[in-house]
Amino acid sequence: MAKLTRQDVLHIAKLAKLSLTDDEVEKFTAQLSSILKYVDELNSVDTSEVDPTSQTTGLVNVFRDDEIKTDQILSQAEALSGTDETYNGYFRVPTILEGRTDK
Amino acid sequence: MNLPLTIKETKAGLLNKKFSAVELVDEYLKNIEANKDLNAFLTVSHEEAYKKAKEIDNNLQDTPLLGVTVAHKDLYLTKGIRTTAASKVLESYIPQYSATVVDRIEKAGGITLGKTNCDAWAHGGSGENSDFGPTKNPWNKTHVPGGSSSGSAVAVAAGLSLVATGTDTGGSIRQPANFCGVVGLKPTYGAVSRYGVIAMASSLDTMGSFGRTVEDVETVFNVIKGSDGYDSTVVDSAFRIPHSKLKIGIPKEYFTDGLDKEVEKSIMEASKVFEKAGVELVPVSLPNTKHAVSVYYIIQPAEVSSNLERYDGIRFGNSREDFGAEAKRRIMLGTYVLSVGYYDAYYLKAQKVRSKLIQDFDLAFEKVDAILAPVAPTAAFELGEKNSDPLKMYLEDIFTVSANLAGIPGLAIPSGFNKQGLPLGFQLLGPRFGENILFELGKIYEKSK
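Chains as they are written, first to last, in the numbering used here: chain A, 1326 to 1428; chain B, 55 to 503.
The reader is advised that the hints may include incorrect statements.
Computed list of lysine-lysine pairs in BS3-like fashion (alpha-carbon distance at most 30 Å, straight line) [as the list claims (entries may be wrong)]: (1) K161(B) to K133(B); (2) K410(B) to K1339(A); (3) K410(B) to K421(B); (4) K1328(A) to K446(B); (5) K382(B) to K1339(A); (6) K1328(A) to K421(B); (7) K1342(A) to K440(B); (8) K440(B) to K1328(A); (9) K382(B) to K1362(A).
These aren't lab readings, by the way, just hints derived from the structure by calculation. Just so you know, these numbers come straight off a predicted model, no measurement behind them.
Generate the whole structure from the sequences, applying the supplied hints.
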């Protein structure tokens, strides 16, 4: 199952919101296949008696009081300082919904 | 002037008025300028450094890092100072706040000199994968300094800063420390806050530092450790106290055919130094070591793909078009192993083998206080030698990734030079929150060698 096709790579790129050039598609098809082929060796490990580890702290459900921490709040100007694409104090984002054409 | 070589010397010199903080900054900035060809710094913060130095000179107080110059890996957010992660995506990003580590070092009297080069997004083990050009090894400029915290290791090795910060997700502090001949600490996961540091792989990322001596790295660790209320994985755990009679484990799985003979010999010599100093050497086994790279190159890209999702070019930074090849490769790999139909086969399987790696360490630490191991299979390799084949570069991480997967601390210590004149060294691995055991052993080594 380790061999990726060109279609697989294009599908993953779409999921990851990356646009790849033809060269990149070709290169990644080969490189990702070889990495996946390498990690397939894990199938030889018997893991029937272990639980998966997602983190190593042993902590569960860390909560804090629901209070406003004023030292952790950015002003509107600070929050917007990373982009030139603003409008009336908001971030300007690319259009995702076009006007309806069915009526 | 002759620059002080340790934190203690720096503090004593300032408190006794042998030199001023401004004179220190003059000297370090001169060194940075004279060593531009190493490409260790991406941004030098002259103005901020002099401002802080003047504050110190005007009001001398005995703080833990008084007048200590520090260079921050460009993954640490620094309020008002450009932070790029060595990626074109963040080419002109100016953070609105600083990382907890940066804040704590400044409050303790540290002087920020600037931001250091690294592999973009901390993806790499050679320092070559920066969008702003490779960092060079100060001992031989045709060799890599290691990565990903390349510029920080180089800064300390070349006398461009007394200490420097780094991040270690799969060896990114220990390996460049080893290649550059300086001390580097990867703390226990959960000992130091990750707040304000650009995330790579959130279950593996740890924040540590480089220094010229074990004591300096220990001093910085004591300043930066502990909860800040902003990183819920940080535990104010009781750190282990070293026994009076210490035992070091030698894991046979780390001494394989792939290990360079000179590296192996230097580690055996280090073990003799410990033995002579009264430390007992005990053979231990970490049988799942051979699976560590596979586990790491599933879990890490999975977490990378999720963390890099936020770079959409809307709120800050450039668009996803600006990701370099390695970031794209890891995003693709991570997206694949998390996608429908492959999650169980890859991600879940890797998480289970991760548990087995942790069990190996748990068993070993029942018998010994620390483990002595190589950091990398060879000394610093040549620029360009491995960067055409990603898998070959990934295998470079074989001896370092286990500590991240297990969440345990590791201390890289220099031990000398090989025939080519490149640094050699070793790492000590300890149980979770066993930093003090590693510092104790490190100091025993420095004293006895």
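Here's how the hints hold up against the structure:
1. K161(B) to K133(B): Roughly 14 Å separates the two Cα atoms, so the pair holds.
2. K410(B) to K1339(A): 34 Å, violated
3. K410(B) to K421(B): 18 Å, holds
4. K1328(A) to K446(B): 19 Å, holds
5. K382(B) to K1339(A): Roughly 12 Å separates the two Cα atoms, so the pair holds.
6. K1328(A) to K421(B): It is violated: about 43 Å lies between the C-alpha atoms, which goes past 30 Å.
7. K1342(A) to K440(B): OK: K1342(A) and K440(B) at ~29 Å, within 30 Å.
8. K440(B) to K1328(A): 23 Å, holds
9. K382(B) to K1362(A): 19 Å, holds
In this structure, the hints that do not hold are numbers 2 and 6, in rising order.
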